[in-house]
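Asks: Knowing the structure of chain A, use the given hints to seat chain B on it.
Residue numbers (my numbering), protein chains in the order written: chain A, 1 to 409; chain B, 1 to 231.
Hints should not be assumed to be uniformly reliable.
Mimicking DSS-like on lysine-lysine, the simulated pairs with C-alpha atoms at most 25 Å apart in a straight line are [what the hints assert, rightly or not]:
(1) B/LYS159 / B/LYS63
(2) A/LYS181 / B/LYS32
(3) B/LYS159 / B/LYS32
(4) A/LYS186 / B/LYS159
(5) B/LYS32 / B/LYS63
(6) A/LYS181 / A/LYS201
(7) A/LYS357 / A/LYS247
(8) B/LYS24 / A/LYS357
(9) B/LYS63 / B/LYS24
(10) B/LYS63 / A/LYS181
(11) B/LYS159 / B/LYS116
(12) A/LYS247 / A/LYS190
Part of the chain A face toward chain B, derived, beta carbon under 7 Å [said to hold, decoys possible]:
(13) HIS5
(14) ASN156
(15) LEU406
Calculated directly from the structure, the hints in this document are not laboratory data.
Every residue gets a Cβ at the ideal spot worked out from N, C-alpha and C, and that includes glycine.
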Amino acid sequence: MCVLHDRQSRQYVTCVIGIVGSFVLVILFLAWFHGKETQSLLFERERTMSSSLMEQGISPAMIASAIKNAESTREGAALLKKIGHTETASVRIFPNIYRSVRAFAGIAAGMAALPAIALAVMSIHFLWKREKMYRQAESIISQFSEGNFERHLPQNAEGSIYQLFSAVEELAVALRAQSRKEQQMKAFLKDTISDISHQLKTPLAALHMYTEIIAEEPGHKEIVERFSEKTMQSLERIEQLVQALLKVSRIDAGSIVFHKEWHSALALIESAAADLSVRAQKEGKKLIMEGDPAQMLLCDGSWTREAVANLIKNALDHTDEGGVVTVSWECSPAVFRMTVSDDGCGIAEEDIYHVFKRFYRSKRDGGRQGIGLGLPLAKSIVEGQDGILSVSSTPGEGTVFTITFLSNL
Amino acid sequence: MEIMEVQDLCKTYGEGEAKVDALKHVSFFLHKGEFAAVVGESGSGKSTLLNCIGALDEPTGGKILIDGQNLFGMGEEERTVFRRRNIGFIFQSFHLIPELNVEQNIIFPLLLDYKKPDFGQVDQILEVLGLQDRRRHLPGQLSGGQQQRVAIGRALITKPKLILADEPTGNLDRKNSRDVMALLTKASRQYQQTILMITHNPNLISSVDRVMQVSDGILTDLGGHVNEKLS
Chain A
1 MCVLHDRQSR
11 QYVTCVIGIV
21 GSFVLVILFL
31 AWFHGKETQS
41 LLFERERTMS
51 SSLMEQGISP
61 AMIASAIKNA
71 ESTREGAALL
81 KKIGHTETAS
91 VRIFPNIYRS
101 VRAFAGIAAG
111 MAALPAIALA
121 VMSIHFLWKR
131 EKMYRQAESI
141 ISQFSEGNFE
151 RHLPQNAEGS
161 IYQLFSAVEE
171 LAVALRAQSR
181 KEQQMKAFLK
191 DTISDISHQL
201 KTPLAALHMY
211 TEIIAEEPGH
221 KEIVERFSEK
231 TMQSLERIEQ
241 LVQALLKVSR
251 IDAGSIVFHK
261 EWHSALALIE
271 SAAADLSVRA
281 QKEGKKLIME
291 GDPAQMLLCD
301 GSWTREAVAN
311 LIKNALDHTD
321 EGGVVTVSWE
331 CSPAVFRMTV
341 SDDGCGIAEE
351 DIYHVFKRFY
361 RSKRDGGRQG
371 IGLGLPLAKS
381 IVEGQDGILS
391 VSSTPGEGTV
401 FTITFLSNL
Chain B
1 MEIMEVQDLC
11 KTYGEGEAKV
21 DALKHVSFFL
31 HKGEFAAVVG
41 ESGSGKSTLL
51 NCIGALDEPT
61 GGKILIDGQN
71 LFGMGEEERT
81 VFRRRNIGFI
91 FQSFHLIPEL
101 NVEQNIIFPL
111 LLDYKKPDFG
121 QVDQILEVLG
131 LQDRRRHLPG
141 QLSGGQQQRV
151 AIGRALITKP
161 KLILADEPTG
171 NLDRKNSRDV
181 MALLTKASRQ
191 YQQTILMITH
201 NPNLISSVDR
211 VMQVSDGILT
221 DLGGHVNEKL
231 S
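Okay, chain A solo, but in the shape it has when bound (with noise of 0.2 Å):
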């Protein structure tokens, strides 16, 4: 019974059948005693009454059978209501039945009331304590309401009342949890917002730069034609640079939603590695595709086809040529898994930690091109559709992403 899993309730109950045992033990006293008052008092009446009738000269014979006699006749019974004793005279005509009668009756009140009182004396000690716990639950949830999270409610042990001041703390820590999590979108925001403007300073004071140039000399043929075309690559980047951005951020915001349909997973990295192909050709690198031709893989097409080329992309920028970009994948009950691996020149120890991170460019790279936003965006559209997008490196030797999706299968 869930009634008992609380200990206090437990011991409450365990007093109250005590009690009520008790008091049933002094019902059965009492009854027995009744009984045993009673049988003196017919007794001393039989004693009187055989007293008076011998003195008169009555035979103990017939006095023997009078006593013995157990029916009673219209005459006999005519006889006491002369006398005037019939049940309804009051008790109080007859002194030894009245003072048993009070005797039984005190006895029995002080008897009954032990118990009655143990019962409303336990009734309140346990109604007192759980007040008390109330009284202390509700000055801890008002703390709660105010941040301080210092105290804890009792929760630690059997009882519906536990859980549910489990349930209420669980209730105050996830909504502060939320209240946190709305600051750190602010500060996101604040961050998102400084990264673009900060991106955007260089090639708009180049642009300026270029611009201020060509007008200071117009009639200049070649410098026109120069610096117009700088200007116009600098255009180029900053149309890149935001649009990135505000995909980067779009996903993190999670202002984007991602339409998951079943599709190919080769013609999915085919098309992903259509534009690169080419490139890798160029560079004299290899681009070899690995896995299941039948495997279909539930996510967003496109934005799985971008993640996945800025992987490869990713990989053709740090390998030398002759080298070898492999994409395989493979499914297992319980996950779809994609891997991008090249033979490179992998990432070092004090980057790996940083790879995910916007803008970073580590060291090493040595001025290549870029905005630094590929991997970002494809960890965040990856994750945005509840994948995991892991790398392992060793310097020297290459490096793996890896994309695991839950199957949905």
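Replies: Chain B alone, transformed into the frame defined by chain A:
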């Protein structure tokens, strides 16, 4: 948000000449939702650390605070209830109950706490673990990898504040090990579940958030996302 703090933890076995300092002044904390791995050779003290945190063993000195509550400042009975409600365990040898089927094994901790299982949640966990069509099977009818997945489900069902995993992939082959790791990582991200795992397999730690090393009773924090070749 810190969910667990270990302060100056010490554990000594034996006395005099046979004295062994299994843990020496270990201090660290775990944040909510973190997936941390403790690596180290056998005999380094990792299992002792896990047992102390899981209140299965009493430390000789120091404090363990889980969600701000001092684990060894409570009475034995309180600690038992606390452990039941707040800590989940995954063992190397699964320890499923052979007479109960998959579903019953998973909801068992809820029944121990006199709680009514939410079957919607059970369905969701079975789905995440890939065990829906095995829900009425007995552990004896499952493979090792599947049994460990049931054990993971059992650890997740009470949504404990902390899950302690003692070599969860020790009895599994490489493929199953990677699957189990992926499931644990997913649980950690999706349910914001804090997981502390012991392992001596360095290949598994690429997907954890944090790695700590125990060597001869001393703990060093190796930071996050590190891929070191550990001997």
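Asks: Evaluate each hint against the coordinates.
Replies: Verification of the hints:
1. B/LYS159 / B/LYS63: With Cα atoms ~24 Å apart, B/LYS159 and B/LYS63 stay inside 25 Å; holds.
2. A/LYS181 / B/LYS32: Holds - the C-alpha atoms of B/LYS32 and A/LYS181 are around 13 Å apart, at most 25 Å.
3. B/LYS159 / B/LYS32: holds (12 Å)
4. A/LYS186 / B/LYS159: violated (29 Å)
5. B/LYS32 / B/LYS63: holds (19 Å)
6. A/LYS181 / A/LYS201: violated (30 Å)
7. A/LYS357 / A/LYS247: The given pair, whose Cα atoms are some 15 Å apart, holds under the 25 Å limit.
8. B/LYS24 / A/LYS357: violated (36 Å)
9. B/LYS63 / B/LYS24: holds (13 Å)
10. B/LYS63 / A/LYS181: violated (29 Å)
11. B/LYS159 / B/LYS116: Answer holds: B/LYS159 to B/LYS116 is near 14 Å, not above 25 Å.
12. A/LYS247 / A/LYS190: Holds - the C-alpha atoms of A/LYS190 and A/LYS247 are around 16 Å apart, at most 25 Å.
13. HIS5: Given a least distance of 6 Å, the restraint on A/HIS5 holds.
14. ASN156: Hint on A/ASN156: holds, closest Cβ of chain B at ~4 Å, below 7 Å.
15. LEU406: At about 6 Å, which falls below the 7 Å cut-off, the nearest Cβ of chain B leaves the hint on A/LEU406 intact, so it holds.
In summary, the numbered hints that this structure violates are 4, 6, 8 and 10.
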